[in-house]
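With the hints as constraints, model all of the structure from the sequences given.
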Amino acid sequence: MDHDNRDRNAGSGGSPPGKIPGDTWADGLPKGRRWSGIAWSLLFLLVPVLGSAVFIVAPYYDHWLPKDVSVHGKSIDGLFYFILVLTGVVFLATELILFWFMWKYDAAASSKPATYIHGSHTLEVVWTIIPAATMLFLAIYQMNTWADVKMRRPRMAPSVEVVARQFEWRLRYPGRDETLGTEDDLFVVNDLHVPIDEDFLVQLKSMDVLHSFFLPNLRVKQDAVPGMKQPVWFKATETGTYDIVCAEVCGWGHYKMKGRVTVESRADFDRWLARIEAEQKATQRGPEEIPVAAAD
Amino acid sequence: MSTVTQPHAPPKETAHHDHVATRGSTSLSTFLSTYVFSKDHKVIGLQFLFSTLVWFLIGGLLALAVRWQVAWPWSDVPVLGKLFAQHGGQMAPEFYTMLFTMHASVMIFLVIIPILAGAFGNFLIPLMIGADDMAFPTLNMLSYWFMWPAFFFFGASFFVEGGAAAGGWTSYPPLSTSTVSAPGSGMGQTLWLLGLTMVGVSSMLGSVNYMTTIILMRAPGMTMFRLPMTIWAMFITAILQAFALPVLTAAGFMQLTDRLIGTGFFSPEGNIINNAMSGAGGGQPLLWQHLFWFYSHPAVYIMILPAMGMVSDILTTFARKPLFGYRPMVYSIAGIAGLGFIVWGHHMFISGMNPALGVTFMVATMMIALPSAVKTFNWLGTIWGGRIHYTTAMLFAISFVSMFIIGGLSGIFMAATPVDIFIHDTYFIVAHFHYVLFAGTAMGVWSGIYFWFPKMFGRTMNEFWGKVHFFLTFIFLNGTFFTMHILGAVGFPRRLADAYHYETFHHLQPLNAFMTWCAMGMVATQIIFAINFFWSMFRGPIAGRNPWNANTLEWTAPSPPGHGNFDFQPVVYRGPYEYSVPGCEKDHLMQTDPPHPAEAAAAAAAHA
Amino acid sequence: MNASAHSISHGHDDRDAHGHDDHGAGHGHIVLQYQPGLPLSKGKLIMWLFLSTEIMFFAALLGSYVVLRFGAAVWPKPHHVHLSEPIGAFNTFVLICSSVTIVLALEAAKANKVAMAKNWMLATLLLGTLFLGIKGYEYSAKFSHGIYPAQPHSRIYEKPDLYYGAAVRARLGEPAMIEQLKALDDTPEDKLSTDEASARRRLQKIRQMVVSPDQQPFDLAVVADQIMPLPSEGSGGHGGHAHGLNDTFPWLRLPAVIPGGNMWASTYFLLTGFHAIHVAVGLLVFAILLTYRLDRKRAGMIENAGLYWHFVDLVWIFLFPLLYLF
Ligand code: HEA
Ligand code: HEA
Ligand code: CUA
Ligand SMILES: [Cu+2]
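Chains as they are written, first to last, in the working numbering: chain A, 1 to 296; chain B, 1001 to 1608; chain C, 2001 to 2326.
These aren't lab readings, by the way, just hints derived from the structure by calculation.
In this text, a Cβ means the ideal position worked out from N, Cα and C, and glycines have one as well.
Please note that the accuracy of each hint is not assured.
[What the hints assert, rightly or not] Covered by chain A, according to a simulated footprint, are these stretches of chain B (three or more residues, beta-carbon under 8 Å):
hint	region
1	1361 to 1372
2	1387 to 1393
3	1402 to 1409
4	1469 to 1481
5	1491 to 1500
[As the list claims (entries may be wrong)] Pulled a few chain A residues facing chain B out of the computed Cβ check, cut under 10 Å:
hint	residue
6	Asp223
7	Ala224
8	Tyr255
[Stated by the list, open to error] Pairs of lysine to any residue residues, derived as SDA-like cross-links and limited to a Cα-Cα distance of at most 20 Å, are as follows:
hint	chain 1	residue 1	chain 2	residue 2
9	A	Lys67	B	Thr1504
10	C	Lys2044	C	Val2103
11	B	Lys1467	A	Leu43
12	A	Lys104	B	Trp1384
13	A	Lys31	A	Lys104
14	C	Lys2077	C	Leu2323
15	A	Lys256	B	His1506
Spelled out as structure tokens, the structure:
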């Protein structure tokens, strides 16, 4: 019986063939060199070091959040930074601890036996409660921003209707009567104009498949779902021309479904509208030519 | 232990004899029944392993093609270009959409899920619980053979009219249901759905079998709380599969009928696609997303829990220390699985779903970080105070922990609904899931391969080349994927064949080129692994039963185990992690070692 | 901990059931002992687990039905789509009876009454077949009204709009149809029943309406009402079956208007179709079981088949009210 057990349990009776006898620890595992333990722990030290370095350096090379030109963008970015710091601390702490344990508890570093311990009730409680409290705080802390951006819709008629379609953005301004779906609606493709410092409400639709209305600089993103109307609102704070990106795969031309959003003063905006109106009258461009989503 | 009689069958030593005795046999039918239509869980496990490794390679090559286009859009693709692309060697945009769709589908459905549950689950479950095979060997064999239609459907989809599926691995309708909406939305998409169904059938057959086996076929003394973490993880993964997968199967059928007979479940009324009125209507595109993510969020845990289990076992073995917090580890797996069912909406924050629902999903998602935190801290606790041996398997296991932290923490950004508005569908997400899936799970898989290779083939893999493989993979993977966070911070959108015509993103090409170089390095590194793997299979040093001096039951069986696995009746006396028990002459007490006097003393001291 | 050793089962009886014999005789590996965590046989446990996956499958389908139905702008009343509660209720009854007979078969097998077990099993098989037969009859009634799951065959329109008018016109313009209409027109009045005669007059009126290029939506609503009237609440005789032109002249097969009818058909055929497939699988299992001697040794198999059958029954108990009553 005894013999059997040794045979079964102790690595086929001593060191397996192919390993030089004596080149093992008392536990029968191959003997490592101290320098290799050091090297491997340093490799893992690179993770927090280079990891944070990348995040520190990137902004200097403009590889960072694009310029924010909207009101709620500030609070979204604020949250981003808040989470970055929070997770950054957790990241550094855990990775450094990992490195330190690797360095310190290398079998080659000491002949002390491993600590015989099965866990710690206190520790388990502590490291459950602290993250729980943190996460709960985070969840509550961000709700207000979420509500501002997606739930507290400004009480106003839509400033523009955006209808996404393979592979362009069809825009419809309400015109002089400020109501959509009337004779004097103005039609534009891919060229959104927005007055600065005013609440702007987009009514988003899709004609065919899913698209996503993404304005990186305004921190706006909303999927356009056929058969549904999505309200999207924002307040731009800086004039300029920025990208409209389609952020939901919508077919082969997804990559080129590009539009432009121009933030301008109220006066410029009105002038632009007037120009569109004149152009439209001149060319007799009417609603028949621009089909809109049937689902209203 | 009086009722258990230890049979006195003398252990037949010599791995060779125990190994399938028909090795040299020339009889075709024995060959077929032993290696092809085998019902032996070990053979089935290895069949899964080889098949998934082949698909891993294919998925990796598809990834390279993706990376090529992202780094140097519209430039001639080296090898693949001649095969597929239309305009010279240049890639067509619709081909790009097929590439990332099939890359992800292959990786998820044909690699990660089957390699964890199919390969490791099959190979390890009976061995680690002390059973001679699965509860239903024939069912088990079928679960492997149902993968073949899936292999066929996925593979064939590239060669049919219109090409492979192109709606992303998420296959959102109406793009995926309307056959006119995209080139790859034709036959390719139908094949994709059929393949998915087959994977579903295979997983379902596997998972009910695993659960039955684990519940009914544990060795005497192997109580649930003496199971190794690998088995716990496999068990809970099987539960997840059994409960989540049928939902996807149902959804897949609905999408299939939408495509084939126009049921319109996912198509809204009056849709105009490609200037044509789409057929039936009255359905809801968002319904698919709910059904899909109801499965696919639990699925991401299906794709990591087994790796977590294996890593737990490997960390303890090479730290020569008991697992820190065994029960919390078990409960946290269960917690992840349970919470995993109620967070699917975090993929849909900006999908048009009611924003109030988004809030509840956000809170649930935040909570899922807790069990993950418990696991992470317990892994750190496990190596604390240990005697760490830097074997290749251990290095991969440690890197799993290190990388999972990164991938998990990036999940927090996305769980925060307002932040997700900006980073949704950007490379931040791509960074997140490659950290958990590739840097996490795949590293765990490699760790498992290096660790259990001796049990699988009776020989150990070459340690030196293993470490070279680890080092290069580790460096290149971080080069490829860490930088994706930065791309994501700029808002660089995913699934774009060419984003540089946007003013916001045009300066990101050099960074992308760097990442592609790293990705190429990463794939090239795998040549080392492949050579090491096959060379060691035939030439590696003979391992013996327990080369790592580990505790669990599989190490008491011959390497490789013969039919019936054990040449003696395993009886379990303790949990799987009794390493370095003070006062014990060996530094490990196997689960089958008879009770040791030092043990009781140590236990008393530990609880004092 | 030692207590666990008492519940060790002897792996013996399980072995021969699952064909280990293919391993060749020479190996003779030892027979292992296990410590089962539940007092269930492998077969029964895996059956329960399998059924839980089935529950999730049907939960997904039913959930989708609920979402689609309550998300839809309109949903037809059961009578609009020619659903007949009595038939559905009878079918429910049939299925419940079959659940009883399978239990009786199990009891008989347990008592080793082989012949009786066989008879009850046969009864179950027949009841299940009857269920499918009735289901088939219901399906064919739907098909004859142009209610198909398949868009290309479906003759259901959501509203009497221009598309609808075009479809009616197209149908009336088919060469075979023109001939049949001509034959109808030429039939002397006295060869027709009064019903048919009045229907012929209405049909002629509709044909005039439809061919005129500038029909109004109002007219089309009238057309739709003539072709297949939607019964109002409480009215509409047998199975809600109001009489329209399509009913008088079944060969007409003119497009009909049922608001929400297409999505209704999609979900109806999805749910009942998957249920029917499950019934068919159950029948197959019963047929196979009938080839065995249904004695005590087979009780386990019968029990598992019965579990499955009860589940199929249970699903129908959910489907019936959802589809027929609400
Ligand atoms: C194995 C796979 C895996 C795993 C484990 C996870 C884990 C997590 N995922 Fe991930 N996820 C994916 C795979 C995975 N994910 C995939 C494939 C997608 C994209 C699908 C697609 O769109 O194509 C995705 C997308 C995805 C989204 C959607 C993003 C979007 O599309 O906009 C979100 C949003 O909430 C999310 C969140 C999380 C969270 C919170 C976790 C958590 O479980 C992580 C928890 C872990 C930790 C937090 C780290 C360890 C903990 C500590 C060190 C403790 C201390 C920490 C704190 C106090 C913060 N994931
Ligand atoms: C498990 C999942 C998994 C894995 C492992 C990977 C691996 C990789 N992925 Fe993938 N990826 C996804 C899942 C995965 N990915 C998903 C879900 C998506 C989203 C798709 C969508 O949007 O729909 C995605 C999308 C995605 C994109 C974004 C495309 C886009 O949105 O436009 C990119 C771009 O860089 C990318 C790159 C890579 C790279 C470079 C790897 C590399 O790590 C690959 C490295 C490969 C190897 C190293 C091969 C190793 C081979 C062996 C080990 C075999 C040895 C052989 C024998 C022994 C026989 N992936
Ligand atoms: Cu539109 Cu992507
Ligand atoms: Cu998720």
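Hints, one by one, checked against the model:
no. : hint                    : result
1   : 1361 to 1372            : holds (count 6)
2   : 1387 to 1393            : holds (count 5)
3   : 1402 to 1409            : holds (count 4)
4   : 1469 to 1481            : holds (count 3)
5   : 1491 to 1500            : holds (count 7)
6   : Asp223                  : holds (5 Å)
7   : Ala224                  : holds (8 Å)
8   : Tyr255                  : holds (4 Å)
9   : A:Lys67 <-> B:Thr1504   : holds (9 Å)
10  : C:Lys2044 <-> C:Val2103 : holds (16 Å)
11  : B:Lys1467 <-> A:Leu43   : holds (12 Å)
12  : A:Lys104 <-> B:Trp1384  : holds (9 Å)
13  : A:Lys31 <-> A:Lys104    : holds (16 Å)
14  : C:Lys2077 <-> C:Leu2323 : holds (10 Å)
15  : A:Lys256 <-> B:His1506  : holds (13 Å)
Violated hints for the displayed structure: none, as all numbered hints are satisfied.
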